[in-house]
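**Student:** Residue-level listing of the chains:
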Amino acid sequence: MLVLTCPCCGAAAEETELAPGGEAHIARVGPGADAEAFEAYLFHRKNPKGVHFERWRHAHGCGKWFHAARNTVTLEVYGTYPAQTSEPPRQLLDKIAARVPGFAWEGRA
Amino acid sequence: MKRYSAFAIAREAASYHEGWEKAWASPEPKARYDVIVVGAGGHGLATAYYLGKNHGVRNVAVIEKGWLGGGNTGRNTTIIRSNYLQDPSAAIFEKARSLYDGLSQDLNYNVMFSPRGCLMLAQSEHEARGWKRTAAANVLQGIDTEYVDAKRVKEIVPIINIDGPRYPVLGALWQKRGGTARHDAVAWGYARACSAMGIDIIQQCEVTAVRQKAGKVTGIETTKGAIGCGKLAIVVAGHSGVLAEMAGFRLPIESVALQALVSEPIKPVIDTVVMANTVHGYMSQSDKGELVIGGGADGFNNYTQRGSFQHVEDTIRALIETFPIISRLKMLRQWGGIVDMTGDRSPILSKTPLGNCFINCGWGTGGFKAIPGSGWAMAELVAKGEPGPLAAEFGLDRFGAGRFVDESVAAGVAH
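Keeping their order, the protein sequence lines are chains S and C. In terms of UniProt numbering, the first sequence opens at residue 1 and continues consecutively. In terms of UniProt numbering, the second sequence opens at residue 1 and continues consecutively.
Simulated from the structure, these hints should not be mistaken for lab results. Think of the CB as a built atom: it goes at the ideal place given N, C-alpha and C, for glycine as much as any other residue. Don't take every hint at face value.
Below, simulated PhoX-like cross-link-like pairs (lysine-lysine); rule was C-alpha separation at most 25 Å, straight line [said to hold, decoys possible]:
#  : chain 1 : residue 1 : chain 2 : residue 2
1  : C       : Lys151    : C       : Lys30
2  : C       : Lys30     : C       : Lys65
3  : C       : Lys95     : C       : Lys176
4  : C       : Lys176    : C       : Lys154
5  : C       : Lys224    : S       : Lys49
6  : S       : Lys49     : C       : Lys384
7  : S       : Lys49     : C       : Lys351
8  : C       : Lys95     : C       : Lys384
9  : C       : Lys22     : C       : Lys154
10 : S       : Lys46     : C       : Lys351
11 : C       : Lys224    : C       : Lys213
12 : C       : Lys95     : C       : Lys267
13 : C       : Lys176    : C       : Lys65
14 : C       : Lys154    : C       : Lys267
15 : S       : Lys46     : C       : Lys65
16 : C       : Lys65     : C       : Lys95
17 : S       : Lys46     : C       : Lys216
18 : C       : Lys151    : C       : Lys176
Some chain C residues flagged as far from chain S (calculated, every beta-carbon gap over 12 Å) [unchecked claim]:
#  : residue
19 : Trp67
20 : Gln203
21 : Ile338
22 : Leu396
23 : Arg398
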């Protein structure tokens, strides 16, 4: 069973406690953005086969949103971090790069 | 290709059944094809079949990274129905259902289509109102469904518990002409018919890159070398995002795991398909006697063909309340498949930003029932370069335009 440690309350939360919230670090398009950019923001997803940064909510716990880095092929969890950031922490990216050959953070979608 | 028939069985019996030929050939890839279909699941093989049969396009290869029909075609719960609310969905799923009706004769391969009826339970007032609305929509679409009351549900499925403590059965949407088919046979039947037309089916051949020039596709690179093509059809379900990335565009799709399981075989207890969407489980009985059971999909991205145990537990809990008689049964096998979910839970049959490259994906949790209709519509799209009436509403552009085919709202659940 998937277990994520909530960075807000510190609890090791099982999957039944958590609500998935989809891909993280999607940059909201600003005023004046064209229709294609808005479409991409709303609908287009990386859906990677490999490292995935995603949003989760500790729904049956402290209730807070947070981020997790997970592998969609091995189901390995690399770590969790607070949602109040626009990029994953450098330390976590280094940890993933050491585990996954060829991994590089591509920046926000 | 020798025809299968009663006479063929008699003829082959005379030589101790040693003369049966292989159902399809396994050739090495040629240097170039007019059309390459990526994905030898039901949808890909049906696309190739109708390209050959309806449009005379036979210089076609179907490329498969694993084995034929080994993805979601071999992993689903084989339910066939067309009782959809939205007109575009009803049209393509009814086309598929009607093609299933005569598919065994058409392919000369027994796909064991069994129109045993499909019952979708209403277990809340909201759901009952929704199914009545769908039944009314189906009348206008020319699809034979009706809303039946709880008493009639009990007559159709004697083992059902209509007085459940939490979600009593209020009624159901009943499609008599829905049912099940043998899922592997659908893939095998299409493969055999494709092979007989001279279409190459190339298994154990993974696509590693998509070649393009001046905005148009020119071929693919694979683990068996480069293959040129005039047109490319991507029909790979859960891995659509991976292929789209090779072709240089993104899709409004996320891949998640959906699970199914079967019980030990028992004597016949249920001769229809029952779907309980409020409690989220569905069940039918195979010819071998196993109860074939499905439930909800996981909510997070996953490419592993393994799902969360909690969904197995949720599904079983729901079905035991609905069918108390099954509570002592043991489960034999459980497995998962990777399904490609779109935002509106409707498929994509579309041109793509890359010229001469077409995609058929997004069938999510309900692709098996659509195989013949999907292949029919996709073949037309690939052959003519423009979608026909069945595919017209399922373009990629519908997301930007806000023109959804919103079955996620209509069904309330994955479908």
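**Student:** A separate judgement is required for each hint: does it hold in the structure or not?
**Tutor:** Hint check results:
1. Lys151/C <-> Lys30/C: At roughly 60 Å apart (the allowed maximum being 25 Å), Lys30/C and Lys151/C break the hint.
2. Lys30/C <-> Lys65/C: Roughly 17 Å separates the two Cα atoms, so the pair holds.
3. Lys95/C <-> Lys176/C: holds (16 Å)
4. Lys176/C <-> Lys154/C: holds (15 Å)
5. Lys224/C <-> Lys49/S: Judged against 25 Å, a Cα distance of about 22 Å means the pair holds.
6. Lys49/S <-> Lys384/C: violated (33 Å)
7. Lys49/S <-> Lys351/C: holds (24 Å)
8. Lys95/C <-> Lys384/C: Within the cut-off at roughly 19 Å; holds.
9. Lys22/C <-> Lys154/C: Violated, at roughly 46 Å.
10. Lys46/S <-> Lys351/C: holds (20 Å)
11. Lys224/C <-> Lys213/C: holds (21 Å)
12. Lys95/C <-> Lys267/C: violated (33 Å)
13. Lys176/C <-> Lys65/C: It is violated: about 37 Å lies between the C-alpha atoms, which goes past 25 Å.
14. Lys154/C <-> Lys267/C: holds (19 Å)
15. Lys46/S <-> Lys65/C: The hint holds at about 22 Å.
16. Lys65/C <-> Lys95/C: Distance ~29 Å between Lys65/C and Lys95/C Cα, so the pair is violated.
17. Lys46/S <-> Lys216/C: Holds. Lys46/S to Lys216/C sits at ~23 Å (cutoff 25 Å).
18. Lys151/C <-> Lys176/C: holds (17 Å)
19. Trp67: holds (19 Å)
20. Gln203: Per Cβ check, Gln203/C is outside 12 Å of chain S; nearest 21 Å; holds.
21. Ile338: violated (10 Å)
22. Leu396: Per Cβ check, Leu396/C is inside 12 Å of chain S; nearest 10 Å; violated.
23. Arg398: Non-interface label fails for Arg398/C: nearest chain S Cβ at 10 Å, not farther than 12 Å.
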